[in-house]
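Undergrad: The primary structure of each chain is shown beneath.
Protein chains: 2
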Amino acid sequence: MNETDEHNIEEDGFAEVVKLGEDDPLQLSSGETLSPFNVAYKSWGTLNTDKSNAILVCHALTGDQYARGKNPLTGKEGWWPKVIGPGLPIDTDKFFVICANVLGSCSGTTGPKEINPDTGKVYGLDFPVITIADMVSAQVKLIDYLGIEKLFSVIGGSMGGMQVMHWAVGYRDRLRTAMPIASTWRHSAQNIAFHEVGRQAIMADPDWQGGKYAESDARPHAGLSVARMAAHITYMSEKSLTSKFGRNLQDRDKLTFGFDADFQIESYLRYQGISFVDRFDANSYLYITRAMDYYDITSNYNGNLTEAFDGTDVKFCIMSFTSDWLYTTRESREMVRALNAVGAQVSFMEIDMDKGHDSFLLDCPEMFNIISGFLSAEAEVAGIKTNE
Amino acid sequence: MNETDEHNIEEDGFAEVVKLGEDDPLQLSSGETLSPFNVAYKSWGTLNTDKSNAILVCHALTGDQYARGKNPLTGKEGWWPKVIGPGLPIDTDKFFVICANVLGSCSGTTGPKEINPDTGKVYGLDFPVITIADMVSAQVKLIDYLGIEKLFSVIGGSMGGMQVMHWAVGYRDRLRTAMPIASTWRHSAQNIAFHEVGRQAIMADPDWQGGKYAESDARPHAGLSVARMAAHITYMSEKSLTSKFGRNLQDRDKLTFGFDADFQIESYLRYQGISFVDRFDANSYLYITRAMDYYDITSNYNGNLTEAFDGTDVKFCIMSFTSDWLYTTRESREMVRALNAVGAQVSFMEIDMDKGHDSFLLDCPEMFNIISGFLSAEAEVAGIKTNE
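Chains as they are written, first to last, in our numbering: chain E, 1 to 388; chain X, 1 to 388.
Calculated from the structure, these hints are not laboratory results.
Be careful, since some hints might not be right.
One copy or any two copies: either way a pair holds, since identical chains are not told apart in the list.
Result set (SDA-like, lysine to any residue): computed pairs, CA atoms no more than 20 Å apart in a straight line [what the hints assert, rightly or not]:
1) 254 <-> 302
2) 141 <-> 384
3) 254 <-> 303
4) 254 <-> 296
5) 121 <-> 48
6) 150 <-> 334
7) 244 <-> 325
8) 254 <-> 32
9) 239 <-> 328
10) 19 <-> 172
11) 121 <-> 330
12) 141 <-> 336
13) 244 <-> 173
14) 254 <-> 301
Keep in mind that this is a model prediction, so the values were computed, not measured.
Make the full structure from the sequences, and use the hints.
TA: Structure follows, in C-alpha cells:
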C-alpha cells in the first residue's frame with residue numbers, strides 16, 4: 001500500500017543470519033525440539049555500553065525483519081518506514097532496534113521451506129507445529145546471543161503484539177516496557193474461522209501436494225492467493241473499502257456481464273492475492289496462522305488474564321483502532337482491565353482511525369506520537385544513555 | 001442448523017416445473033434473451049376467486065423453492081418452516097404462497113447446470129450472466145402464467161430481499177406490499193469482496209475446468225467448499241461464533257499440534273463446506289453471487305434511492321437485525337429514509353438478535369410477530385377474502 005518512489009528507498013542490505021540452539025535446543029510447546037535453527041534479523045542504531053537501549057520490534061503474520069529500508073528480497077520499502085529510523089518514533093539515534101523474522105516464516109529464519117538438518121530435505125510438513133510462545137523462545141535465544149540481558153521495550157502490531165504479550169507474560173524480567181498494538185490476548189472463534197478458510201484454500205490446491213511442493217516445480221499459488229484475498233478483507237474496514245472502492249468500476253464504464261474484475265475492489269483483491277504468492281511460502285502461511293489460532297496468553301493460567309499478569313512490573317502501552325474489527329478495542333480493554341486489576345502500569349489509547357486493522361501499518365500520526373512519547377518518557381525514567 | 005427430527009417433517013413432494021418464454025423470450029439485463037426457460041416452484045394454500053391473496057416468497061443465495069415441508073432433493077426440512085404454513089406468520093390458510101427457484105440456480109429453474117436448448121449441452125459458462133432484475137423478470141412471467149395480476153405481497157430475506165426491492169421498484173403495480181428482511185439496496189464493496197474470494201476459490205479448483213466440469217465426472221468440490229466456508233463466516237456474528245464455539249476443542253482435550261480441526265469452529269466450518277457441495281452447483285454459485293454484486297436498485301435512477309421510490313404506493317415493511325454485519329441496519333435505514341422522503345408507507349423494525357445475518361432463517365419470534373401482524377393488518381385493509 002506504500003506508494004513511495006522505490007528509487008528513493010534507502011538501501012539497507014540483507015539480514016544477518018545466526019545459527020542458534022546447537023548446544024541448547026529450542027524447546028517447543030509441542031514437546032519437540034529444534035537444533036540447530038537459524039534466525040534472520042536486522043538491526044539499526046547502536047547498542048549502548050550497558051546494553052540498556054535495545055528494542056525488539058515484532059512483525060505480523062506476513063511481515064519480516066525488513067521493517068525499514070529496502071527489502072532486498074522484494075525491492076519494496078520495509079513495513080514500518082515512518083516508525084523506525086533516526087528521529088522517528090522508534091528513534092535509531094537513541095535506541096538499538098532489532099527485528100527478527102519469526103520462527104516458521106520464510107525470510108531466512110528456520111521454517112517449513114528451509115532444509116531439515118536431520119534429513120537434508122526441505123521440512124515441508126515435517127516442520128513441527130509451533131506457537132507464538134515458540135517464536136518468542138527463538139527471539140530470547142537471539143537476545144541472549146546478542147548479550148542483552150533486558151530489553152528496553154518489545155513492540156509490535158497484530159501478531160507482533162501477540163509476541164509482545166508472550167514476552168511480557170513469559171519473560172517479564174527480560175523487558176522493561178511492552179507495546180502491543182491492534183492485538184489481543186487470545187485468538188477468537190471468528191479469527192480462527194478466517195484462518196481455517198485460508199488453510200483449506202491452500203490445502204485444496206493440488207499443487208500443494210500434501211505440503212511437499214518443494215520437491216516439484218509447482219507451487220500452490222492459486223490456493224495461497226485465495227487465502228490472502230480472504231484475509232485481506234479482514235485487514236480493512238467496511239468504511240475504508242467503501243470510501244476507497246465503493247462500487248467503482250475498473251477501467252470500464254459499464255458492467256461487462258462476465259466474470260472479469262468489473263469492480264475495482266475485485267481487481268484490487270486479485271492483485272493482493274497474486275502479488276503475495278511471490279513473496280510468501282504457502283506452508284509458512286499454514287504454520288503461522290496455526291500459531292495465531294493456538295494463541296491464548298491465559299492457557300497456562302487457567303484462562304485467567306489477571307493471573308497471567310499478576311506481579312508484573314513491565315510497563316504497558318496498549319493501542320487499538322476504532323475501525324479494527326479483527327482485533328477489537330474490546331480485546332485491548334480486557335487486557336487493560338486485567339493489568340489494572342493487578343496494579344500494573346498501563347496506558348491505553350483507542351485511536352480513532354477508519355482504515356481497519358491495517359491502520360497500524362499506515363500513516364497514523366496519533367500512533368506515531370504515542371510510541372514516541374511513551375518511549376521518550378520511559379527512557380528518561382530509566383536513565384537510558386546513548387553512546388556518544 | 002435446524003435440529004428437527006427429519007422423520008417428522010411433512011412430505012411435500014417435488015416442485016412444479018413450468019416452461020416459459022417460448023413465444024415471449026425473457027429479456028435479460030445483459031441484452032441477451034432466454035427462450036424457453038424453466039421455472040421450478042412450490043405453492044401452498046389456495047388462490048382465492050379474485051386472485052388477490054397471493055404472496056411470493058423469494059429465497060436467498062443458496063436457497064430454493066422448498067421453503068416448507070421436506071425438500072425431496074436433500075431430505076431436509078425447508079428453510080422457513082416456522083414462517084410459512086397453516087396458522088403461521090405467512091398463513092397458508094389465508095394466503096396462496098408461491099416460492100420459485102431463482103433463475104441461475106440449480107433446483108429446477110434454468111441455470112448453468114441445465115441443458116442449453118440451442119446446443120443440447122449443459123450451459124456451463126455459456127449461460128448468460130444474469131442480475132437480480134432478471135430473476136424478478138422470470139418470476140413475473142411465472143406470476144403471469146398463474147394468472148395473477150397483483151401479488152398481495154413479496155417477501156424475502158437477504159438476496160430474497162433484493163428481489164423484493166426489484167419487484168417494488170420495477171413492477172410497482174404488480175404488488176400491494178413488500179417485505180425485505182436483512183437486505184439492502186445495493187451490494188457493498190466488502191460484500192463484493194467476499195463474493196470475489198468465493199468465486200476465485202471455485203475458479204482456482206482445477207476440477208472447475210473453466211466451468212465445463214459437467215463434461216467430466218469431476219466437480220470443483222474443494223473450491224466450492226472453501227467458498228461456502230468464507231461466506232458462512234459472514235452469515236454469523238462474532239458474538240454468536242464466540243458463544244457457540246469460543247475456543248472449544250473438538251472431541252479432544254488438548255491441542256494436537258497439527259492441521260486437523262482442533263477447534264470446534266474449524267470442524268463446524270469444514271462441515272458447512274463439505275455438506276454444501278452435495279446440494280449446490282458451483283457455476284450457479286458464480287452466477288448468483290455475480291447477480292448480487294451487480295445489484296444496485298438505483299442503477300436506473302442516477303444512483304438516487306429517492307428517485308427509485310418516487311410515486312410508489314407499495315406499502316413496505318422493512319426489518320434488519322442488530323448483529324447482521326453483512327446487510328446492516330444502516331442500509332435498511334437508508335431505504336426507510338428514502339421511502340419517507342417520497343411519502344411512501346413504510347414501517348421499519350430493527351430486531352435485537354445476536355445471531356448475525358442468518359437470524360432471518362432462525363427462530364425469531366419478534367420477526368414472526370412482525371410478519372404476521374403486518375400481513376393480517378394489510379389483508380384487512382385490502383379486504384382479502386379466502387375461498388370457503
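Undergrad: Take the hints in turn and mark each one as holding or not.
TA: Evaluated hints:
1. 254 <-> 302: The answer is between: 13 Å across copies meets 20 Å, while 57 Å in one copy does not.
2. 141 <-> 384: neither (24 Å within a copy, 80 Å between copies)
3. 254 <-> 303: For residue 254 and residue 303, only the inter-copy Cα distance (14 Å) is at most 20 Å; the intra-copy one is 54 Å.
4. 254 <-> 296: between (48 Å within a copy, 13 Å between copies)
5. 121 <-> 48: Neither, since 41 Å and 76 Å both go past 20 Å.
6. 150 <-> 334: neither (27 Å within a copy, 56 Å between copies)
7. 244 <-> 325: This pair counts as both: shortest intra-copy Cα distance 18 Å, inter-copy 19 Å.
8. 254 <-> 32: between (57 Å within a copy, 16 Å between copies)
9. 239 <-> 328: both (15 Å within a copy, 12 Å between copies)
10. 19 <-> 172: Classified as neither: same-chain Cα gap 25 Å, cross-chain 73 Å, threshold 20 Å.
11. 121 <-> 330: neither (45 Å within a copy, 55 Å between copies)
12. 141 <-> 336: neither (29 Å within a copy, 61 Å between copies)
13. 244 <-> 173: neither (45 Å within a copy, 38 Å between copies)
14. 254 <-> 301: between (58 Å within a copy, 15 Å between copies)
Comparing the model with each earlier hint shows violations of hints 2, 5, 6, 10, 11, 12 and 13; every other hint is respected.
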